[in-house]
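Undergrad: Sequence:
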Amino acid sequence: IVVADVSGKGVPASLTMAAVRAALRAQIDNVYYLYEVIKRINLMLCRDSRPGEFVTLFYGVLDGRNRRFTYCNAGHPPGLILRDGKIIELPSDNMVLGVDADENYVQSLVDLQVGDTLLLYTDGLMDAMNFRQERFGKERILEVFSQGGPTAEAISDNILWSLRRFTGLA
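Count the sequence shown with this note's numbering and you get residues 1 to 170, in order.
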């Protein structure tokens, strides 16, 4: 499971994301440790990008049989787990990709339980603004996510509907 975001816009940002996607796909078949995959992508970005260009990336692997989720978060908003009406934030202190070629990345793991719901998102959700220049913000994300729902699709729809109500036509 991968969610990523690149700095900038337009063709340069698209090319950077395409390179990250290709590098990720090339690495995951041959490298077992998530932190090593992320380290290699970071090195590639440090070599090939200009100052101020960076990527945030959340990479996770789900072992469905054992309900174990291993992840490496490189500067991306933290994943959230909804468990029994409470939200657990998946912590990470890893740096964004493309800034420091010597950065060492750390992977983490969490044991999931039946009924857990995982939410991954980009900062675009938090940063969405209404006409009063107010951000949707993390607190609103947590509030809407904590309401849960019968399915992952229903939870997703509820988050998007709340975002649309907040931003209106902004």
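Be aware that one or more of the hints could be misleading.
[Said to hold, decoys possible] Here are the computed lysine to aspartate or glutamate pairs in the EDC-like style, where the Cα-Cα straight-line distance is at most 16 Å:
1. K138 to D127
2. K138 to D116
3. K86 to E139
4. K9 to E36
[Said to hold, decoys possible] Using C-beta positions, here's what the derived DEER-type ranges look like:
5. N30 to N104: 32 to 42 Å
6. G149 to G64: 36 to 46 Å
7. R65 to F131: 30 to 40 Å
8. G168 to A18: 10 to 20 Å
9. Y33 to F131: 20 to 30 Å
No lab work stands behind these hints, which were simulated from the structure alone. Ideal Cβ placement from N, Cα and C applies to all residues, glycine included.
Undergrad: Mind checking the hinted window 32 to 42 Å against the Cβ distance between N30 and N104?
TA: Violated, since N30 and N104 (Cβ atoms, about 20 Å apart) do not stay within the stated range.
Undergrad: Quickly compare the C-alpha distance for K138 and D127 to 16 Å and report which way the hint goes.
TA: 9 Å, holds
Undergrad: How does the Cβ-Cβ distance of Y33 and F131 compare with 20 to 30 Å: does it lie in that range?
TA: 46 Å, violated
Undergrad: Is it true that the CA of K86 sits at most 16 Å from the CA of E139?
TA: 14 Å, holds
Undergrad: K9 and E36 were given as a pair; does the straight-line alpha-carbon distance stay at or below 16 Å?
TA: It is violated: about 28 Å lies between the C-alpha atoms, which goes past 16 Å.
Undergrad: Could one say that the CB atoms of G168 and A18 fall in the range 10 to 20 Å?
TA: 33 Å, violated
Undergrad: For R65 and F131, compare the CB-CB distance with the range 30 to 40 Å and indicate the outcome.
TA: 49 Å, violated
Undergrad: Starting from K138, check that the Cα of D116 is at most 16 Å away, please.
TA: Outside the cut-off at roughly 20 Å; violated.
Undergrad: Okay, G149 versus G64 on CB: inside 36 to 46 Å?
TA: The hinted range 36 to 46 Å is violated for G149 and G64, with Cβ atoms some 21 Å apart.
The structure does not agree with the numbered hints 2, 4, 5, 6, 7, 8 and 9 stated previously, though it agrees with the rest.
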